[in-house]
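Those protein sequence lines, which keep their order, are chains B, S, W and H.
So in the numbering used here, spot 233 of the first sequence is number 233, and the numbers just go up one at a time.
So in the numbering used here, spot 170 of the second sequence is number 170, and the numbers just go up one at a time.
So in the numbering used here, spot 103 of the third sequence is number 103, and the numbers just go up one at a time.
So in the numbering used here, spot 233 of the fourth sequence is number 233, and the numbers just go up one at a time.
FYI, nobody ran anything at the bench for these hints, they're computed from the structure.
Careful: at least some of the hints might be erroneous.
It does not matter which identical chain is meant; a pair holds if it fits inside one copy or across any two.
To be verified - Computed cross-link-like contacts, DSBU-like style, restricted to lysine-lysine with a CA-CA straight-line distance of at most 30 Å: (1) K266 <-> K310; (2) K93 <-> K303; (3) K8 <-> K190; (4) K48 <-> K193; (5) K266 <-> K193; (6) K266 <-> K48; (7) K113 <-> K266; (8) K93 <-> K48; (9) K93 <-> K8; (10) K190 <-> K43; (11) K43 <-> K193; (12) K48 <-> K190; (13) K309 <-> K193; (14) K266 <-> K10; (15) K10 <-> K310; (16) K283 <-> K193; (17) K310 <-> K43; (18) K303 <-> K113; (19) K113 <-> K190; (20) K310 <-> K190; (21) K190 <-> K159; (22) K193 <-> K113.
Protein chains: 4
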Amino acid sequence: MCTAATYKTKDFYMGRTLDYECSYGEEVTITPRGYTFMMRHGKPYQTKYALIGMAHVAGEYPLYYDAINEKGLGMAGLNFVGNAFYTEPAEGKDNVAQFELIPWILGQCTSVKEARVLLERICITNISFHESMPVSSLHWIIADQDEAITLESVREGIKIYDNPVGVLTNNPPFDRQLAGLNRYMGLSAKQPKNTFGGANELPLQAYSRGMGALGLPGDLSSESRFVRVSFVKMNSLSGDSESESVSQFFHILGSVDQQRGCCEVKEGAYEITIYTSCCNASKGIYYYTTYENHQITAVDMNKEDLNAKKLIRFPLVCGEQIRWQN
Amino acid sequence: MCTAATYKTKDFYMGRTLDYECSYGEEVTITPRGYTFMMRHGKPYQTKYALIGMAHVAGEYPLYYDAINEKGLGMAGLNFVGNAFYTEPAEGKDNVAQFELIPWILGQCTSVKEARVLLERICITNISFHESMPVSSLHWIIADQDEAITLESVREGIKIYDNPVGVLTNNPPFDRQLAGLNRYMGLSAKQPKNTFGGANELPLQAYSRGMGALGLPGDLSSESRFVRVSFVKMNSLSGDSESESVSQFFHILGSVDQQRGCCEVKEGAYEITIYTSCCNASKGIYYYTTYENHQITAVDMNKEDLNAKKLIRFPLVCGEQIRWQN
Amino acid sequence: MCTAATYKTKDFYMGRTLDYECSYGEEVTITPRGYTFMMRHGKPYQTKYALIGMAHVAGEYPLYYDAINEKGLGMAGLNFVGNAFYTEPAEGKDNVAQFELIPWILGQCTSVKEARVLLERICITNISFHESMPVSSLHWIIADQDEAITLESVREGIKIYDNPVGVLTNNPPFDRQLAGLNRYMGLSAKQPKNTFGGANELPLQAYSRGMGALGLPGDLSSESRFVRVSFVKMNSLSGDSESESVSQFFHILGSVDQQRGCCEVKEGAYEITIYTSCCNASKGIYYYTTYENHQITAVDMNKEDLNAKKLIRFPLVCGEQIRWQN
Amino acid sequence: MCTAATYKTKDFYMGRTLDYECSYGEEVTITPRGYTFMMRHGKPYQTKYALIGMAHVAGEYPLYYDAINEKGLGMAGLNFVGNAFYTEPAEGKDNVAQFELIPWILGQCTSVKEARVLLERICITNISFHESMPVSSLHWIIADQDEAITLESVREGIKIYDNPVGVLTNNPPFDRQLAGLNRYMGLSAKQPKNTFGGANELPLQAYSRGMGALGLPGDLSSESRFVRVSFVKMNSLSGDSESESVSQFFHILGSVDQQRGCCEVKEGAYEITIYTSCCNASKGIYYYTTYENHQITAVDMNKEDLNAKKLIRFPLVCGEQIRWQN
């Protein structure tokens with residue numbers, strides 16, 4: 001499935017893995033300021049702020065998986081199959097189709113605070129981009145350097161959750177994932193104390209480093225990835241330079257990397273981490289790796305003309321870029 | 001399989017569960033002082049001390065599963081299939097058949113210290129009691145109020161392990177079971193502290209009592225029972241009266257009770273806790289319950305003539321003894 | 001905290017543990033037919049059906065912890081601290097104080113189906129029995145031989161959940177507990193198959209019986225008890241005689257017994273299983289054990305005058321009832 | 001600590017992580033054929049085969065952490081603190097100091113089979129390379145395309161274990177690690193079947209992909225890393241091209257990557273994965289990444305003069321090598 005996380009050093013970083021059994025041909029895509037989106041339920045809408053993110057571009061329409069805008073606000077959509085529930089358009093609401101949501105928010109908000117206002121009157125509709133495509137079942141993380149929230153549209157309506165851990169995976173719904181962390185509250189990056197025997201001391205000892213986090217789940221299910229990446233992210237330490245921050249971020253998401261062969265989707269088909277991204281939301285840089293390319297590749301939105309008329313697209317560098325020392 | 005444990009309040013207690021898919025007709029059996037055992041590899045041997053324990057009596061021969069003697073020394077044999085290894089008789093050794101071992105030790109030792117001396121020259125032989133019976137694969141716990149040891153005869157020879165936890169189950173070998181406890185050293189009867197986020201505090205909380213022992217295994221495999229009953233025993237608290245001590249002891253072994261249906265041995269056959277025993281080794285009292293009788297039944301060896309010529313036998317009270325209040 | 005479970009052989013059984021650090025002096029209490037309850041929010045109410053259950057009797061008022069009625073309907077209240085939310089009386093509702101709920105339901109319903117109808121118009125109010133007592137925070141299991149439901153009054157309102165497993169513990173809310181079972185769906189009473197290496201076979205083997213349920217939690221937290229007792233109950237097998245059924249039921253709840261010392265509530269105070277009950281709801285018999293008495297004690301409501309004018313009360317038999325064979 | 005693994009597609013790959021809180025200035029180092037090692041306990045020894053691996057070079061002495069030779073045999077030393085036990089030189093043995101072991105084996109053996117012969121007469125001595133350096137406590141994995149073995153020198157003597165999983169971490173001793181895998185035999189890359197309720201079906205379902213491996217440990221302790229990387233490696237699937245094989249190998253070892261902050265060694269000091277290597281043992285290529293450089297860097301031994309007189313050394317490329325697309 002997928003995992004998203006935020007990270008803060010001097011700058012604010014946000015990124016995600018996309019885990020799936022096949023790719024749809026995504027590209028790093030910049031949507032410039034003033035780009036017009038035809039809306040399914042209302043008047044065309046023009047973005048105020050430029051965006052950079054990963055998108056499948058259909059015609060001139062960027063179907064974003066995740067993006068940041070030039071104001072430092074980021075957003076990512078993650079699979080939420082079986083729990084996402086979108087509705088018919090509603091009177092008096094901002095009716096936004098599921099696939100329009102990321103440019104709708106990032107194109108006009110500068111912060112989570114502003115996004116919260118917009119979300120108060122939103123209705124996410126169940127219209128697909130094209131009749132040949134199913135409606136994706138997603139929920140979203142929206143974050144800036146000050147806070148993160150989770151947005152879910154479920155049978156009971158729109159839910160906005162504070163996201164104090166800055167992490168999102170997939171099922172079950174976010175409130176359960178967050179409550180589930182309570183079961184792991186005693187885990188630690190420090191070695192455990194010997195309390196097994198209570199007042200009756202037993203001569204137990206730590207025979208290895210890292211035993212304070214025994215109990216951390218290691219499988220690839222969404223709930224286990226949520227717990228694992230939350231632990232890694234919350235305990236992460238790095239220098240605050242760009243290089244050290246980006247490096248550490250890829251180590252964080254590396255803890256939930258999906259290796260080919262370990263998660264069978266159907267006979268002979270396996271889910272893998274197709275790409276991993278890390279956005280410097282403060283500076284507008286999109287870093288990524290792909291399953292077959294461990295080198296980090298980067299696109300800087302500020303090197304492009306953000307008032308351009310057209311989408312600016314960068315096909316992914318996919319093959320393993322090995323540096324030969326001899 | 002089986003679980004044995006010790007417990008100390010004012011008196012010293014020791015007992016075990018016998019987990020199996022069928023019973024062989026065991027009885028609480030007292031072997032009086034001066035009882036003669038014909039030995040397979042040497043001269044007949046006369047017990048110095050009287051024993052009480054659970055035995056299948058074949059002819060006049062008590063095949064003990066577990067017993068204590070009148071000096072406060074106890075011993076229990078537990079399944080050790082695939083790891084127990086008995087040999088041919090060896091020159092210059094005390095050659096003792098596996099089924100002779102409990103009366104051999106308890107009939108002449110007053111303490112673990114004395115038993116250690118005897119065990120220095122022991123060879124446990126692979127002779128069965130009767131050609132129609134296979135040789136049981138067992139290892140043993142030997143304990144008094146001061147210490148407990150585990151005795152194993154494996155391919156590498158005789159192993160005597162200090163047993164600081166006073167617990168024995170089955171596979172794997174005892175040194176591995178004890179080392180395995182290290183992985184659980186951070187478990188506690190107290191609530192966990194919130195250390196998950198390291199320096200970055202997350203608002204996690206204990207939503208239930210008892211969360212300090214999260215990670216304690218709950219299944220019926222021998223390694224999981226070892227960990228679970230060790231935790232329960234080490235943290236146990238009770239008054240030191242006979243009634244409170246005995247009651248607590250049955251609660252300790254109750255934590256590894258095997259319920260019918262939860263452990264399938266072969267199609268339609270299930271292992272259950274056939275009986276649970278608790279010996280007051282200081283006073284010579286044998287308490288027991290059976291799967292179908294929750295009431296504790298007791299036999300006091302000191303109410304019998306310990307210089308009798310014959311075994312004194314008490315068939316088990318097996319059906320549920322319900323007390324009607326109206 | 002507490003655990004409740006149902007069990008069905010020829011008859012229908014239901015019972016619970018009460019886990020706490022102290023007892024409030026409960027008794028097995030029969031409320032006869034036609035007994036009048038003064039209601040806090042309306043007219044006095046007369047029971048149609050007689051009840052038997054465990055109650056703290058205050059004056060002539062039975063504060064039931066759990067009970068069954070003569071029609072085979074049972075109900076138990078379990079701690080739900082931090083999630084239970086009771087309200088002010090509401091217009092047009094049946095306003096019932098939390099402590100009135102068990103006699104209100106069991107006094108007039110013959111089945112869960114009838115209880116569902118009554119619950120459609122219920123409002124559970126936050127009035128305490130006496131100003132000196134706090135309002136308990138509870139949720140309830142209601143069950144007959146055909147089905148079980150869970151009743152919760154939370155901030156969002158009254159919730160009625162189908163309870164397909166027939167088990168209730170404490171926090172978190174029931175829907176989460178039930179959803180949490182999905183993580184354990186692969187556990188089994190049978191031995192595991194070796195699938196670790198996928199197509200690349202590794203020579204792994206089961207070194208102990210009972211390894212199919214590895215992963216079952218063994219601690220005393222409410223969520224772990226829910227999973228453990230659900231597994232034990234669902235896999236339970238027994239003869240269908242009264243004796244075998246009752247015996248097996250106490251083994252089921254024995255799997256979540258709380259041993260003194262293993263769950264510290266505050267410095268030096270420990271939660272234990274104060275009593276365990278098993279009601280034959282089909283025949284009106286209340287069986288129980290206490291922490292200090294392993295023998296099963298029983299009260300048969302049908303041996304009493306169910307048209308009596310007063311409560312019929314049986315103080316608990318508490319000390320260890322040991323049967324001496326010599 | 002460290003993790004080593006093997007992987008086989010068309011070629012044979014072997015590599016490791018080095019996890020520690022600081023680096024000692026290691027370099028990719030080629031030892032040419034005919035290079036002379038002064039031995040501490042005997043005559044100088046000349047290598048027959050050239051080696052490439054990671055080493056700290058002291059003077060002209062390569063202290064290898066891991067290496068392969070030109071015949072496709074590989075070897076890596078991993079921390080084994082508290083269990084490694086080296087002795088005084090022994091009469092009639094090949095006395096080899098711990099730090100001489102890798103060139104001793106790889107310099108003269110073409111296969112594990114040949115190494116086994118050499119190891120029959122080995123004695124690993126407790127002499128340090130220099131009085132200012134402690135003796136490292138290590139054990140070793142030795143592997144070729146046909147098999148892998150683990151070499152341990154412990155208190156009981158030299159132990160050679162078949163290593164069917166082709167993985168090594170640290171404590172406890174290897175035989176225990178391998179036996180420990182049995183507890184995880186039921187894990188799978190496929191979704192779990194619903195067996196929780198036995199014959200009584202409960203409506204449980206997999207709410208996420210990847211749930212067949214629930215129970216896989218996710219912490220950084222050596223035993224958990226052993227289980228996790230074993231599962232990932234055994235289930236790994238990739239194309240057999242060089243690029244795909246190498247990429248997959250780094251994904252395998254990525255599953256046990258140690259992130260800065262998650263394993264505190266002492267106040268403020270954290271263990272991290274300093275480097276990760278992947279050797280194509282069939283072709284003599286050494287690939288590596290460092291904590292701060294996600295790009296794979298490579299050195300091909302066959303591009304160098306393997307009959308050179310001196311060590312050929314390649315300082316590590318350490319900073320993050322980001323590829324800018326604009």
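Against the structure, the hints come out as follows:
{"no.": "1", "hint": "K266 <-> K310", "verdict": "neither (39 Å within a copy, 54 Å between copies)"}
{"no.": "2", "hint": "K93 <-> K303", "verdict": "neither (37 Å within a copy, 66 Å between copies)"}
{"no.": "3", "hint": "K8 <-> K190", "verdict": "within (22 Å within a copy, 34 Å between copies)"}
{"no.": "4", "hint": "K48 <-> K193", "verdict": "neither (54 Å within a copy, 47 Å between copies)"}
{"no.": "5", "hint": "K266 <-> K193", "verdict": "between (44 Å within a copy, 14 Å between copies)"}
{"no.": "6", "hint": "K266 <-> K48", "verdict": "neither (43 Å within a copy, 50 Å between copies)"}
{"no.": "7", "hint": "K113 <-> K266", "verdict": "neither (42 Å within a copy, 40 Å between copies)"}
{"no.": "8", "hint": "K93 <-> K48", "verdict": "within (21 Å within a copy, 52 Å between copies)"}
{"no.": "9", "hint": "K93 <-> K8", "verdict": "neither (34 Å within a copy, 52 Å between copies)"}
{"no.": "10", "hint": "K190 <-> K43", "verdict": "neither (56 Å within a copy, 47 Å between copies)"}
{"no.": "11", "hint": "K43 <-> K193", "verdict": "neither (62 Å within a copy, 49 Å between copies)"}
{"no.": "12", "hint": "K48 <-> K190", "verdict": "neither (47 Å within a copy, 46 Å between copies)"}
{"no.": "13", "hint": "K309 <-> K193", "verdict": "neither (61 Å within a copy, 53 Å between copies)"}
{"no.": "14", "hint": "K266 <-> K10", "verdict": "between (43 Å within a copy, 26 Å between copies)"}
{"no.": "15", "hint": "K10 <-> K310", "verdict": "neither (32 Å within a copy, 46 Å between copies)"}
{"no.": "16", "hint": "K283 <-> K193", "verdict": "neither (43 Å within a copy, 38 Å between copies)"}
{"no.": "17", "hint": "K310 <-> K43", "verdict": "within (20 Å within a copy, 74 Å between copies)"}
{"no.": "18", "hint": "K303 <-> K113", "verdict": "within (28 Å within a copy, 59 Å between copies)"}
{"no.": "19", "hint": "K113 <-> K190", "verdict": "neither (36 Å within a copy, 40 Å between copies)"}
{"no.": "20", "hint": "K310 <-> K190", "verdict": "neither (51 Å within a copy, 44 Å between copies)"}
{"no.": "21", "hint": "K190 <-> K159", "verdict": "neither (36 Å within a copy, 32 Å between copies)"}
{"no.": "22", "hint": "K193 <-> K113", "verdict": "neither (42 Å within a copy, 33 Å between copies)"}
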